[in-house]
Every structure is written in structure tokens, then in C-alpha cells.
Amino acid sequence: MNQLLPLFVIVPLSATFLIMIFGRFFKDFNKYFASCVLLFLVVLSFYSMISLNGGLSLYKVGGWQPINKIPIGIYIVMDGFNSLIVCIINLIGFLVVFYSISYIKRYTAENYFYALFCLLIGGMNGVVISGDLFNIFVFLEISVISSYALVAFGVEKNELEASFKYQVLGGLASFLILFGIGFIYWKTKTLNIADIRAAFSNGYDKKYYLFVQLLILSGFGLKAAIIPFHAWLPDAHSSAPSPISAMLSGVFIKAVGIYVIIRLFFNMFEISEGMAILITTLGTISMVIGVFLAIGQWDIKRLLAYHSISQMGYVVMSVGIGMILVSRGLKPEVASLAITGGIYHLINHAAFKGLLFLNAGAIEYTLGTRNLKEMGGLAKVMPVTSATSFIASMSISGVPPFNGFFSKLIIIIAAILARFYLLAALAVIVSIITLASFLKFQRYAFYDKPKNPMGSEVKEVPFPMVFSMIVLSILCLLLSLLVIPSVREVILAPAVNILTDPLKYSTFILGQ
Amino acid sequence: MIAYYMCFGLFFVGLYGVITRRNLVKIAISLSIMEISTFLFFALIGYIDNGVAPIVNPADPDKIYVDPLPQTLVLTAIVIGLATTALLMAVIIRLYRKYKTFDIREINELRG
Amino acid sequence: MKGMTIIVKKTAQLIAGMIFMYGIYVIVHGHLTPGGGFAGGVIMAGSLILVILSHGTDFFSLVKEEMGTTIVESAATICVILIATAGFLFGTKVFFNNFLPKGNVGDLVSAGVLPLYNIFVGIEVAASVFIIFLSLIIFKEESPK
Numbered sequence: 001m002n003q004l005l006p007l008f009v010i011v012p013l014s015a016t017f018l019i020m021i022f023g024r025f026f027k028d029f030n031k032y033f034a035s036c037v038l039l040f041l042v043v044l045s046f047y048s049m050i051s052l053n054g055g056l057s058l059y060k061v062g063g064w065q066p067i068n069k070i071p072i073g074i075y076i077v078m079d080g081f082n083s084l085i086v087c088i089i090n091l092i093g094f095l096v097v098f099y100s101i102s103y104i105k106r107y108t109a110e111n112y113f114y115a116l117f118c119l120l121i122g123g124m125n126g127v128v129i130s131g132d133l134f135n136i137f138v139f140l141e142i143s144v145i146s147s148y149a150l151v152a153f154g155v156e157k158n159e160l161e162a163s164f165k166y167q168v169l170g171g172l173a174s175f176l177i178l179f180g181i182g183f184i185y186w187k188t189k190t191l192n193i194a195d196i197r198a199a200f201s202n203g204y205d206k207k208y209y210l211f212v213q214l215l216i217l218s219g220f221g222l223k224a225a226i227i228p229f230h231a232w233l234p235d236a237h238s239s240a241p242s243p244i245s246a247m248l249s250g251v252f253i254k255a256v257g258i259y260v261i262i263r264l265f266f267n268m269f270e271i272s273e274g275m276a277i278l279i280t281t282l283g284t285i286s287m288v289i290g291v292f293l294a295i296g297q298w299d300i301k302r303l304l305a306y307h308s309i310s311q312m313g314y315v316v317m318s319v320g321i322g323m324i325l326v327s328r329g330l331k332p333e334v335a336s337l338a339i340t341g342g343i344y345h346l347i348n349h350a351a352f353k354g355l356l357f358l359n360a361g362a363i364e365y366t367l368g369t370r371n372l373k374e375m376g377g378l379a380k381v382m383p384v385t386s387a388t389s390f391i392a393s394m395s396i397s398g399v400p401p402f403n404g405f406f407s408k409l410i411i412i413i414a415a416i417l418a419r420f421y422l423l424a425a426l427a428v429i430v431s432i433i434t435l436a437s438f439l440k441f442q443r444y445a446f447y448d449k450p451k452n453p454m455g456s457e458v459k460e461v462p463f464p465m466v467f468s469m470i471v472l473s474i475l476c477l478l479l480s481l482l483v484i485p486s487v488r489e490v491i492l493a494p495a496v497n498i499l500t501d502p503l504k505y506s507t508f509i510l511g512q
Numbered sequence: 001m002i003a004y005y006m007c008f009g010l011f012f013v014g015l016y017g018v019i020t021r022r023n024l025v026k027i028a029i030s031l032s033i034m035e036i037s038t039f040l041f042f043a044l045i046g047y048i049d050n051g052v053a054p055i056v057n058p059a060d061p062d063k064i065y066v067d068p069l070p071q072t073l074v075l076t077a078i079v080i081g082l083a084t085t086a087l088l089m090a091v092i093i094r095l096y097r098k099y100k101t102f103d104i105r106e107i108n109e110l111r112g
Numbered sequence: 001m002k003g004m005t006i007i008v009k010k011t012a013q014l015i016a017g018m019i020f021m022y023g024i025y026v027i028v029h030g031h032l033t034p035g036g037g038f039a040g041g042v043i044m045a046g047s048l049i050l051v052i053l054s055h056g057t058d059f060f061s062l063v064k065e066e067m068g069t070t071i072v073e074s075a076a077t078i079c080v081i082l083i084a085t086a087g088f089l090f091g092t093k094v095f096f097n098n099f100l101p102k103g104n105v106g107d108l109v110s111a112g113v114l115p116l117y118n119i120f121v122g123i124e125v126a127a128s129v130f131i132i133f134l135s136l137i138i139f140k141e142e143s144p145k
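In order, the protein sequence lines correspond to chains A, B and C.
By this note's numbering, the letter at position 460 of the first sequence is numbered 460, and the numbering carries on one by one without gaps.
By this note's numbering, the letter at position 28 of the second sequence is numbered 28, and the numbering carries on one by one without gaps.
By this note's numbering, the letter at position 44 of the third sequence is numbered 44, and the numbering carries on one by one without gaps.
Any given hint might turn out to be false.
[What the hints assert, rightly or not] Listed next, with one range per pair, are the computed distances between beta-carbon atoms:
id	chain 1	residue 1	chain 2	residue 2	range
1	C	K102	A	I67	17 to 25 Å
2	B	I55	A	W64	15 to 23 Å
3	A	P462	C	I6	57 to 65 Å
In case anyone wonders, no lab produced these hints; they're calculated from the structure.
On a predicted model such as this, the values are computed, not experimentally measured, just so you know.
We put the beta carbon where it would ideally sit given N, CA and C, even for glycine.
Build out the structure end to end from the sequences listed, making use of the hints.
This is the structure in C-alpha cells:
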């Protein structure tokens, strides 16, 4: 039992309210305190991942012991999979908050920004580490409410409109999730994820089970912006302040959308073949349509937002292929290869999409525009931004030796080994179109003739922004080391094992 | 059983409102109706026939109580609903300041 | 914002205190009867809102009021978190531990730390509902430019 697990929620939550009090009286308290808090959380998350050592860790809040092996309290669970996600959340969160020290100066209410940011981090950490369905809902709402407010942070026309759309669709998603939780509780009389699996394993009504699965899938699919539910994402992600776009696109849709879908459909529901095929289809559709919607965009952040949909499609498709194989009981090593590819791409996407949004923010900071047609020639005046964005563009479009290449390679190899040749071909084609789209971004932003009226006044951005971008681009290179089998065994294999072997998860939790 | 179906009816009333209404405030009200329908559903699944309110009486411990867990869940969800509704209204007031209208057809800067 | 007539003002003065006291009663008996922090806090905020609506205020005092209430709200939330983390220090040393003696069922002072949670949650909810009201009025009163 790791005593430190509740700190992932306590520390950001108390930081929020300390910033609200002391940030009013001491100037600059908010930014340095928020950075220190996030740095502490980064250290804590890496420490917990290392001390986990491939096993599981369980924390019973309030010390409520199970009665007759039925868990009655709130459980906090950490295993190989969610320790990775917690590391991503806090690492990207730290870099983003460090970047904001310079960037957010042009907004008036800095205090509220840092308070809401800490609340967002606390909510996401809570979603990821809780082992209880209703707790997931509560922390989900904490994080989405702070993200609604952060999207509307500029209080201009676009921001408010995007936030309104996001709130209406997000509210709809929340009610669908709540209905799903209600139906699950009605039949099983429990809310613990492992216990729900045990209760459903005694037999269930097939139609009822399918209905609950569809409710949960559409609710969290709306949060994750898988294609039929994607309407809010381009508006919200392009209107938010750039550090928040990096946070929402890089981490948020993964932590509250993709992570929860993967966790619930592997560890709570029994994997059925029809559901696995549905998830794979949704993933493939969002992978293909997302990239086609992206290709005609001239607004940088909208372009990046549509690419987020497309890249999340890769993750969902790859995990879906793994689910199909697990449900058929065929080729377990190919199934685990497909899930490895999906999780690996999830981690990589956090690094390069966060970096791309920070680059877009740097361009917006100096030029004051997001339109690609009004830029050009920035490579000479902004060398660091240009170099880091080149690394990120090559990563996302899958050019070796950057991390995106290896994860896409694993996904394609897994699809071929599982005999889904069409999906493998689509993945290659989408990757090529992504490359074309990012070459356009590079050419118009950095290598064309200068078109902006400001001319020679354009300078490189201040140090905190440069620091965050350089660290993320180094991370893009370092993450390609995960493809080496001995490293993969240590970091990715525990995550895959916990998903492909659901009995391990439920027996561990119910056995404590 | 009819009560459960009426919860769903209420949910679809709210959904119909969100889809068809053009006024921002009416959309917010429709969202609240959907919210209330989920709360009603939670209150119903905790009900047990002939059960009383779950306040423990030491003199008579063998009474049938209704399930208290859904009630606590509803309370938590109501608090969350209060926060979302307040934020939505704040955004609507700000939108009215910028556009001078509540009509959603005229608030269409973002597209493509 | 303008106030209302003398009749409304006097009536509000008479009943606002009683509503406030009722809110305190609901909060304090939260561990014995239905109600508790959230319900009592909303009742308390209701009495404050009643006074402001009937008597009216000007814009600057609203802003000042909003700042003070924010600090009260944040401090109350920090107290809740502190009580929860105090469980690390006493008893079985877990988060959210109920470390105080439980007492007899039905007494006003019983159930360990639950009344403390109720009190601080009540203050927090009263302050935050009041802030929601104040901010919406401030948004409305801000002169459009």
C-alpha cells in the first residue's frame, strides 16, 4: 500500500485554494507556487511509477476495510497503465505552467488562470487513479468544469462561443455517463470497477449489458472527441489560450476520454466481439476523416486540433484491434503488440502535440495571428521555435528517427499480423497525408517569404517558453528509446499485461 | 416501472429542447431538465418497497431502509450540476454582452 | 442596483436573521437528520441574497464583497482539506480517517469529525453560492462600452 497516492489529488487541490488566497496579496506568488507544485507532482509520479515495479498498488481512503470481500470504501488504484498516464499529465502540466509564466502575461486575471490550472491537474489525476466508477465521474466533472472556464478565459466572442458549445455537448456527455453509472449500479449494487466485473460475471442480460456499454461508450466518446462526437473539439482547442490548448489536446482528451474507455472496456466489461469491432470502426473513421478535415485548414491551431482527432483515431483503432483478438482468443502476442502500439502512440502524442501547440502559441505571441497565410520567413528570426516545430512535425507524421515513426510502425505491423490489411493500408495513407499537411505548415510558417507587416521587429520568445519547447523536443527524441525491447519490457509491458489479463486486476483488488 | 420510463421521457424532453430551441437561456433550461431526469432516475433505483428513510433508529434495527447510496450520489451530482449551471449562465450573460442577442443563429463566428 | 420599498426592506430585515439561524441549525444537525453542509449552506446564502436584493447596493461594494467572500470560501475549503489530511497523523493513519471519538448515536456532539466537515462545508457552500449570485450581478451591472 503506497501511502503517497492520495497526494496526487490533495496537493493540486489545496494549491488551487492557496493560490486563490495568497495570490491576491503577493505578486508573482501564483506562478512560482504553481510551478513548484507541479514540479513536486512530477517527482512524485515518477517515484510512484518506479516504486510500483510492475505490480499494483491499492489505497483505501478512510481506512474502510472490505466486508465479506465486498469493497465498501473508495479505492485508489495504481497499476502499470495509469502510472504512465499520471507521469504524462504531470510532466506536460509542469512544462505548460512554466511556459505560461511568460505567455499568460497578456491576460488580466493571472491568478484565476493558475488556480484553474491546478484544479484541472487535480481533476485529471483523480480520474486516472480512482478505482471507483462514481469517483471517476466526480473528478471528471471537476476537470471539465475548470476546462470550460479555461477555454472561455479570453472572454472574447470566439472563446465564449466555443465554451458554450463545449459546455452543452460536455453536459450531454456527463448525463449519458451518469445514466450509465445508474444502470450499472441498479443491477450490480456496487460501484467498484473490479467488483462490478465480478458481479457481472455471474451472468447478465445481454441486451441490458449492451445498452449500458453503448451509454458509457457514447458518453466518454464525447469527452474523447471520437468522430461522430467531435463537433466541439476544433472550436474549443483552437480558442483556448495556447498553453491550455496544449494541455487539452496533449493530455486532457486522453486522461478523461481514451484512458477511461480503455480501462472500463478491458477491466470492467467483458470484452465482446461486437463492441470491439464497433470501437475499431470508430477509431478508423476518426483517423481517416480527421486528417481530411485538417488538410484544408489555414488556422494553425484548428489544423492541429483536427490532427488530434486523427491521431487519437490511431490509438483507438490499435487498441480496438487488440480487443478483437482478445475477444476471439486468437494470437495473444499480436493482441499485446497492438495494445502496446496504442499506448505507445498515446504517450508520444502527448509529447509532440503538446510541443506543436506550444509552438503555435509562440508564433501567436510574437505575430499576433494564427492564420498561416499571414506568416512566413520565421525560420531566421525564431530559430528555436522553428527547429522544435520541425522535430514535432516530423514526429507526428512518422518520419524516423522520431518517436511517432516507431509507434506507427508497431501499430501497422500489428494490423498486418492480425490480417487487417485494409486498416494497415489506411494507417499508412493517413500518415502520408499528415506529412503533407505538416509540410504545408512548415513551408508557410517558417520558410516562405515574410508577409507580416511587423518585419524585423519579430524576435525569439522569452526564456521560459523556449525552455519548455526544448525539453519537449528532447522528449520527442528520447521516447523513441521505448521501442528497444529491454526498455519496453520495463515500461510498456506492465501496462499491456494489466489490460490483456483482466483477472489480475480484479483478483488483486478483491483479494486485499 | 412506469416511473423509470417517465425518467427517460423527461430526458428526451430535455434533449428535444437542446436540439430545437434557438434561445441560449432556453438551451440552458433544457440541459437542466436532462440533469433533473438523471437525478430522478438515481432516486428511483435506490427505492425499496415499504422502505423508510435511512436514519438509523437504535430501538428498532430490523426495519427495511431504502438504499442510501444513490441518495448520496444524487447529492454530489446536484452540487456538480449547480456549478455547471452557474458557469453556463455566466457564459450566456457574457455572450449577450458581446452579441446583443440570445439567438444562437446569430452567434456563428466559428466554422470550418 | 436599487433597493425595494420600505415594506419589503422591513420584512427582509425581520426574516433574514431567522433564515440564517435555520441554516446554522441544519448544518449543525447534519450528522443526525437529513440536511448537512450543502443544504444548510444554501439556506444561509439565501438569507444573504435576500438582504442584498431587498436593500440594493452599488457596484463598488459588490466587487469588494466578492473579493472578501472568495477568501472566506477558499479558507473554508482549505480547512476541509486540512481535516481530511489530519487523518494521516492520528489513528490508522489514512486519508479521510475519522480520528475523533465517536460518542453515542443521536447526541449533538458525536460521530467524530463529521460535524466539523459539515460546518466547514456549510461555510464553503454559503460563500460559493453567494459568490455565484454576486458575480452574475456584477456581470449584469458592468456598464457596456
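Do the hints match the structure? See the list:
1. Under the hint 17 to 25 Å, the C-beta atoms of C/K102 and A/I67, about 18 Å apart, fit the expected range.
2. The hint said 15 to 23 Å for the Cβ distance between B/I55 and A/W64, and at roughly 21 Å that hint holds.
3. For A/P462 and C/I6, the Cβ-Cβ distance of about 60 Å falls inside the hinted range of 57 to 65 Å, so the restraint holds.
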